[in-house]
Amino acid sequence: MNEPTVTLKVTRYRPERDSAPSAQAYTIPYRQDWVVLDALNYIKDMIDGTLTYRWSCRMGVCGSCGMMVNGVPKLTCAAFLRDYYPAEITVAPLANFPVVRDLVIDITDFMQKLRSVKPWIIRETEKPVSEGEYLQTPEELEAYKQFSMCINCMLCYAACPVYGLEPTFLGPAAVALGYRYNLDSRDQGREVRQPILASHEGIWECTFVSECTVVCPKDVDPAAAIQRTKVNTTLDWFKSVLLPWGAR
Amino acid sequence: MSTVTSDKSKLYYPKMPATWWLTRRAYFLFMLRELSSVFIAIFLVVFLIEIYQLSRGPAAYAAFVQRLASPGWIIFHVVALLFALYHSFTWFSLTSKVQVVRVGRRQVPPPLVTAANLAVWIVLSIVILLVFLFAQRPA
Amino acid sequence: MTTHKTSEPFWWGLFSAGGVVAAFLVPIHLLLHGIAIPLGWLPADVTGYEHMRVLFGHPLIKIYLFVLIALPLYHWAHRFRFTLYDLGLKGLRTPIAILCYGGAVVGTLATVWILWLV
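Chains as they are written, first to last, in my numbering: chain A, 165 to 412; chain B, 113 to 251; chain C, 6 to 123.
To be clear, the hints were calculated from the coordinates, so they are not data collected in a lab.
Treat the hints with care, since some could be wrong.
Mimicking EDC-like on lysine to aspartate or glutamate, the simulated pairs with C-alpha atoms at most 20 Å apart in a straight line are [unchecked claim]:
id, chain 1, residue 1, chain 2, residue 2
1, B, Lys209, A, Asp270
2, B, Lys127, A, Asp270
3, A, Lys382, A, Glu306
4, C, Lys95, A, Glu365
Model the full assembly from the supplied sequences, consistent with the hints where possible.
Set out below in structure tokens:
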């Protein structure tokens, strides 16, 4: 066969027979327009149907296909083979998460943390439908829009060494989404979220490594969200200590 | 929606090695940035001791400055200066992302904020140098 | 505004202030006191005992020196505490906190005392 080929070293973990993950090499045809996800689908369709992994939209909006490609957290639908070819490409499950099977990780921890920041509009008083819509100016939308782009892909958790060392850390995406709702002009829930965001396991674990922002495929900049929350929380703290009689 | 029970007993938990910060360039640079605070702190303690020697009189002060001129201490201070500069540059860059600066309704682009910080730093350094050289100078 | 049980905002506030002072002021002082003066790059009447004693004896200069030396110690304390966590020592978090913040407080007191002596 004269067709150009590329080799992928893919992590396999079959809990019914393996005590630890190991790498398995697959050599597949190289196509200039393929992404790593295409390569995985080729392997599963043509070579080894037992390979297990998550994927869905294949266009970078669902957040399902996050994996470690050559040690870097990436959406496999956005990692082009031509950026690695002709070198070998290693594909491993997303770092810092427990592995269920092969490339599938257990995302329970993230889902629970996401829920804990209450990522929805919280109102002190609900506006009845009869009173019409909430009005929001373009400037008010701009204030939080960047942080609303999160697709919950968890690449930021895989990139964060603090989360790797301390699994109780709330993590970049959860803080960024809590911050997104705090910034939303329709929301009145900042005080409800503060006990979670401003806890020891919340923003204060972060040491501003900033890798979360580097790997984010949607330019959310969770690092900025965390640091801005630190600033706001600290200013509030000093105000409440130095001016305890001050009105909100 | 049907509930799916998954067997959690066979999950594989990866362990992060203590040398994680050597595995990627970004992590290593982060550690260097954090380490800069140690060199800055050591310099300030040495400086504080120098001021203490100043309070003890001309002989004590001169002897201390003489010790600082030794190759070991000069090398330390050169290394510390490099770390301090690394702290300054990373600090100005990071704070520009944290503190959103607005002029009217427009946001100042972060690189411009960083540049403004650098400019202030240069001006302050010159002012400090001038004060040191010319304030209270014997006639 | 509710205050939350953790004292982290206080230490982070000091860390930030110390970081600003370190970023803007430390490099030039490092160059001056660590390199230029010991190597004799500056005129002797500036770096000599008489001038230094008068300069550092000035109350405003003393206040400036206090800020220059004390605040970055809190920057070091907070950063070093988390660096030790990042190196896997989270289990020793209480002794580490005492060592770091205690060290900064001791340094602050020493700074006040020494500047008083000058």
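For each hint, the structure was consulted:
Among the hinted pairs, Lys209 of chain B with Asp270 of chain A is inconsistent with the structure: their alpha-carbon atoms are about 32 Å apart, more than 20 Å. Straight-line distance between C-alpha atoms of Lys127 of chain B and Asp270 of chain A comes to about 15 Å, which keeps the hinted pair within the 20 Å bound. A threshold of 20 Å between alpha carbons decides the hint, and for Lys382 of chain A with Glu306 of chain A the separation of about 15 Å falls inside it, so the pair holds. At most 20 Å may separate the alpha-carbon atoms for a hinted pair to count; Lys95 of chain C and Glu365 of chain A meet this at roughly 13 Å.
Checked against the numbered hints given earlier, this structure breaks only hint 1.
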